[in-house]
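If you read the sequences in order, they're chains A and B. Counting from 1, position 431 in the first sequence corresponds to residue 430 in numbering that gives the first Met the number 0; the numbering is continuous, with no gaps. Counting from 1, position 171 in the second sequence corresponds to residue 170 in numbering that gives the first Met the number 0; the numbering is continuous, with no gaps.
The set of hints was computed from the structure by calculation and includes no laboratory data. Hints may contain errors.
Which stretches of chain B does chain A cover? Using the computed rule of at least three CB atoms under 8 Å from a CB of chain A, they are [as the list claims (entries may be wrong)]: (1) 101-113; (2) 237-251; (3) 314-327.
Remember, predicted model here, so these are calculated numbers, not experimental data. All C-beta atoms in this analysis are idealised placements derived from N, C-alpha and C, irrespective of residue type, glycine included.
2 protein chains.
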Amino acid sequence: MMLDTLIKNASVIPMTERGLVLYGTSVGIKDGKIAYLGPDCPEAAEVIDAKGRVVMPGLINAHAHTAMCVMRGYADDYTLQSWLFDKVFPVEARLDERAILSGAVLGMAEMIRTGTVSFSDMYFCQPAVAKAVERIGMKANLCNAVIALGDGYDFDADRAVIETRKLLEEYGNTGAVRADVAIHAEYTSPPEIWRRVHEWAVKHGAITHIHLSETAKEHEEAKERHGLSPAAAFCKYGIMDTPVLFAHGVWLEDEDMRLIASHGGSVAHCPVSNLKLGSGMADVRRMKDHGVNVCLGTDGVCSNNSLDLFEEIKLSALLAKGEALDPTALPAYDALEMATVNGAKAQGRANETGRIAPGFDADLIMIDTLAPHLRPIYDPIATVVYSAHGSDVCMTMVRGRVLWDGNDLLTIDIEDALREVESYAMPIVRGE
Amino acid sequence: MMLDTLIKNASVIPMTERGLVLYGTSVGIKDGKIAYLGPDCPEAAEVIDAKGRVVMPGLINAHAHTAMCVMRGYADDYTLQSWLFDKVFPVEARLDERAILSGAVLGMAEMIRTGTVSFSDMYFCQPAVAKAVERIGMKANLCNAVIALGDGYDFDADRAVIETRKLLEEYGNTGAVRADVAIHAEYTSPPEIWRRVHEWAVKHGAITHIHLSETAKEHEEAKERHGLSPAAAFCKYGIMDTPVLFAHGVWLEDEDMRLIASHGGSVAHCPVSNLKLGSGMADVRRMKDHGVNVCLGTDGVCSNNSLDLFEEIKLSALLAKGEALDPTALPAYDALEMATVNGAKAQGRANETGRIAPGFDADLIMIDTLAPHLRPIYDPIATVVYSAHGSDVCMTMVRGRVLWDGNDLLTIDIEDALREVESYAMPIVRGE
Chain A
0 MMLDTLIKNA SVIPMTERGL VLYGTSVGIK DGKIAYLGPD CPEAAEVIDA
50 KGRVVMPGLI NAHAHTAMCV MRGYADDYTL QSWLFDKVFP VEARLDERAI
100 LSGAVLGMAE MIRTGTVSFS DMYFCQPAVA KAVERIGMKA NLCNAVIALG
150 DGYDFDADRA VIETRKLLEE YGNTGAVRAD VAIHAEYTSP PEIWRRVHEW
200 AVKHGAITHI HLSETAKEHE EAKERHGLSP AAAFCKYGIM DTPVLFAHGV
250 WLEDEDMRLI ASHGGSVAHC PVSNLKLGSG MADVRRMKDH GVNVCLGTDG
300 VCSNNSLDLF EEIKLSALLA KGEALDPTAL PAYDALEMAT VNGAKAQGRA
350 NETGRIAPGF DADLIMIDTL APHLRPIYDP IATVVYSAHG SDVCMTMVRG
400 RVLWDGNDLL TIDIEDALRE VESYAMPIVR GE
Chain B
0 MMLDTLIKNA SVIPMTERGL VLYGTSVGIK DGKIAYLGPD CPEAAEVIDA
50 KGRVVMPGLI NAHAHTAMCV MRGYADDYTL QSWLFDKVFP VEARLDERAI
100 LSGAVLGMAE MIRTGTVSFS DMYFCQPAVA KAVERIGMKA NLCNAVIALG
150 DGYDFDADRA VIETRKLLEE YGNTGAVRAD VAIHAEYTSP PEIWRRVHEW
200 AVKHGAITHI HLSETAKEHE EAKERHGLSP AAAFCKYGIM DTPVLFAHGV
250 WLEDEDMRLI ASHGGSVAHC PVSNLKLGSG MADVRRMKDH GVNVCLGTDG
300 VCSNNSLDLF EEIKLSALLA KGEALDPTAL PAYDALEMAT VNGAKAQGRA
350 NETGRIAPGF DADLIMIDTL APHLRPIYDP IATVVYSAHG SDVCMTMVRG
400 RVLWDGNDLL TIDIEDALRE VESYAMPIVR GE
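All chains, full assembly: derive it from the sequences and hints.
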């Protein structure tokens, strides 16, 4: 069998076994899948020499609002109330499809350059974004979250509902682009709406993406409203009976974690955003002890202001240690697992991506571990987690196709993308 | 007057006034100093076009053990006890001057590439490191900390004492390289030793660099030993009567902060290291409210594992917000001030560096704000703090001399530096 691509001489972190690094190893790719992993160099149409470099699974950003890239740095250091109601919501009401697309493309450019291959995204105009994702060649689970506030709410007229139906019709739950369904949060819709969203999840085998217990206020007010925490309320109405991806989980209690774990649910930990908005610090170690599948997300750049998952990887490891006053909490491998294996599971892609193993899609990245700030190297896993940044990613491949070769984005015209954001979207954001 | 260098078309963050950004501005340099700041383009021997880029003061790393670069990634995720006694101390006992120099040079390479122009360093073999700093063209305040444990301690035979005396003789407190004096920490020497170190500080006008209240254990045990917190104990013995630079300050109480502030002392906040070693999170906002001059440090890479101050800048802003549950805590400008103006003050260089203003040394950096992950830009200060990394620094200049031009380190042979670390020092670290 002639391979399409062979990456040779790599230090491979396959993420198939704790702490495992395969030195001087080749990864062979055929028809977008990993067809060989081992010490030999089978024949291939194209050979990439990875000498001195680390090859690992591409990263998975499990909670993003990618198009918010148009608002990067637009609203920092405000109170949460002012940030949302004076800044973010008014801008979002002004953004049209073209502006949103421009932000989504810029965000994908940043994600690809910093080693992310797949993302779970909650935002507007997702049918249009889906086409851009396909064209660019990433993977994504896309949703537009239902928000049903006020008496006049009309489910069938809701843009989020219309878009979700369109996504569900056009995309299944098996391809590179998938339709998730989404409840924005406990406090932004009543249980009868949750049940309607859940019906989609049942019918289409879709993952339900939900903001959960991000702030103390939200968590406590749910108890007044339902006599239950947000997680317990969602559980009561059956929402966790299908796969659920919760974002944040900063204020989860032990019982919430038990419920999520027993239902096989996932929590996307977003440490940068949670700190920046003053929401707090999620207790990742406790979630993991309870058996929750914890993955990582950047949230939108407006509360970050970056889509570089390497920041979240390092910060999640650091915060767990700092909170527990224990330097052995959340070791490097666990942090990396959150960004790969666990993210894949949260996206319903556990057997498809997040690992380098025969049969998995060739979704992988190469890290330029020859760079001086990454040397010397005693343990490539520590190097990747504690020393590397997204800027050290010198190759990003999705389904065997190189999207970033260390110099150029091969499927995005970045100058055009920047022009769209700055000439078209920026004046809209500014309200000009 | 013909300038040596003119940097034109820059977005300048001068750090002379809260929030100030000077667009389309030129910085003129003559004899290593800033001679012009304004909209015009006076004649210069060399012109650098900074169109679309941010120019700001070079960063100051106020607490480092630079040579520990030879141990990058050697000992992660261990308990503090095991990290120190099984890993770090045995290695340090084996490191000779050549190995230490190799680590110091690699560390300086990383600092220069990531925008640091000056650092306060506590380690061994500092007279040799001082010569390397001079040759490479950075600024540094160097010290070797006195540790006096056990009955047999002989002050005059102590390597740290011998090196400190040499540094004090060879370097004053006004040049690019300066001699600081150092007490390692409260728990590693008795007050009679502190007084001897303090005599140097008085005689030479030197800054005293001290690890302070890094861990809860250290802080509480001092109270048992002295009936006083570490800061109060140092104050009692007069150590704060000359300028003091404390590192960490994680467990400081209000009274400690008041003492440090009233003596004009500085605290180098090292958030990455404090989290990674499980030491805790210093309360920067409370320190600043008390009037303490808070600056930033990376600590050694063995507990970081990076010398990129941009990480500390962003993390200090994030942690302050997360701890206070208040997104307005420690705004971007304050975080940047800690890494520039406040660091300069902590080094005794308040009128020399940390700002872009006529008469100051031309210690400045340029950030490639044309990079996609930094765009769009609504506020360059937010861009620098929340989106930029050290890898976005495309020029580092110290006293008017370019040390990094975005492609090459002009005063370090990086291949030779890496060879020294990996061929010479790495086997020593590994005990081979």
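Verification of the supplied hints:
1. 101-113: That given contact holds, which follows from 5 residues of the region 101-113 of chain B lying within Cβ reach (below 8 Å) of chain A.
2. 237-251: That given contact is violated, which follows from only 0 residues of the region 237-251 of chain B lying within Cβ reach (below 8 Å) of chain A.
3. 314-327: holds (count 11)
Hint 2 alone, counting from the list given before, is not met by this structure.
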